[in-house]
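Chain by chain, the residues run as shown.
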Amino acid sequence: MIKKKSLKFSTKGNCDIINISDDIADALSSSGLRDGTVTVFCVGSTGGIMTCEYEPGLAADIKDFFQKIIPQNKSYKHDETWGDANGHSHLRASLLGSSVSVPFIDKKLVLGTWQQVVFIDFDNRPRSREVILQFIGEPR
Amino acid sequence: MIKKKSLKFSTKGNCDIINISDDIADALSSSGLRDGTVTVFCVGSTGGIMTCEYEPGLAADIKDFFQKIIPQNKSYKHDETWGDANGHSHLRASLLGSSVSVPFIDKKLVLGTWQQVVFIDFDNRPRSREVILQFIGEPR
Amino acid sequence: MIKKKSLKFSTKGNCDIINISDDIADALSSSGLRDGTVTVFCVGSTGGIMTCEYEPGLAADIKDFFQKIIPQNKSYKHDETWGDANGHSHLRASLLGSSVSVPFIDKKLVLGTWQQVVFIDFDNRPRSREVILQFIGEPR
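Residue numbers (the working numbering), protein chains in the order written: chain A, 1 to 140; chain B, 1 to 140; chain C, 1 to 140.
With the rest of the complex left out, here is chain A (with noise of 0.2 Å):
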């Protein structure tokens, strides 16, 4: 069985992190499925899913490191391209990916204790954003 959901919310840009843990929690225990994944994956070339502790501490960590691989101050040949401004946006999150699978077993995602799922908005301005769920797997 499939089962998708969308979920849309607005971002600061600029490495903005939104968890998205409870959201996907939520739509699980509506999906009606028991075991199975679910594929969280971001319309958009300019942000990225993964998993990580979502703390302060660690969301500063992973700007200044995103900052330091790929800064934001340079000038990027796509910029040339369209004049946007955000070559660094879009490298950063074909690196970082688009899409993360997590299995779900008796109706809970396999998450460790600190471990959610969020997604990273690498673009340098606030975005409307949309993240598709889609859970295949069996019925309760």
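Just so you know, the hints here were simulated from the structure itself, not pulled from any lab data. Please note: incorrect hints may appear among the correct ones.
As the list claims (entries may be wrong) - Covered stretches of chain C (in silico footprint by chain B; criterion: 3 or more residues with CB under 8 Å from a CB of chain B, positions within the stretch not fixed):
{"hint": "1", "region": "28-41"}
{"hint": "2", "region": "53-64"}
{"hint": "3", "region": "95-104"}
{"hint": "4", "region": "124-138"}
Even for Gly, the Cβ is constructed at its ideal location relative to N, Cα and C.
Mind docking chains B and C on chain A? Use the hints.
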């Protein structure tokens, strides 16, 4: 229902980026499936799969980025094992990842307007490549 | 059909790389499934899953690479939150990713000749670990 498709193509190696979005959409069209998820998997340990906006400026940025963080002209311990001078290729591929999972709804991949699924060949020479598409979903 | 399997093992931490390809192949053999996709998921936020050629030279290169871009001997804001000095472990794990999805066809994973699925433990101490395998596919 499960539907598989093997994509075969040639690359130039050296960060050659191949846009396989249309091939995936075509395979979905002929799969007879309506809703589900496709897993796009790179066979081999020196290629990767990612999503990105496919345009020449960003392709050049991606090449520059990998050359900066995992330079080709540097010695790697992997090269001592085999002598094929592609240690950088293996490192880059492992970092980027070998699979992406993309949901589809009503016979369409849920990609953003500028978001493509691409194969990137990190090897240091032209290669013949295979990418496996595994569709899991509900029939029409 | 959904078949799950939990892999449990001990690691040395500090970029210890564990080849779990044979465990996945064994679980596939006893699953009764023929065609489908397995999601390999790391429970916990300081470990990662990737594919690579599993040989000691590349394992050393991987360790060197992560030490270069996310050094252990550097202070992270995450460390101020908990005082467990593993901020680098969290950053590395988030960057690499916690899941890989691998198709299987006719009871075999579609891995390349030299391509393995490995778990990498980024934590700064030995750990007991769990990896969940979730197989979705058609029975034989």
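Hints, one by one, checked against the model:
1. 28-41: holds (count 3)
2. 53-64: With 9 residues closer than 8 Å to chain B, the region 53-64 of chain C meets the three-residue bar; holds.
3. 95-104: Per the Cβ count (7), the hint holds.
4. 124-138: holds (count 3)
Taken one by one, the earlier hints all hold for this structure without exception.
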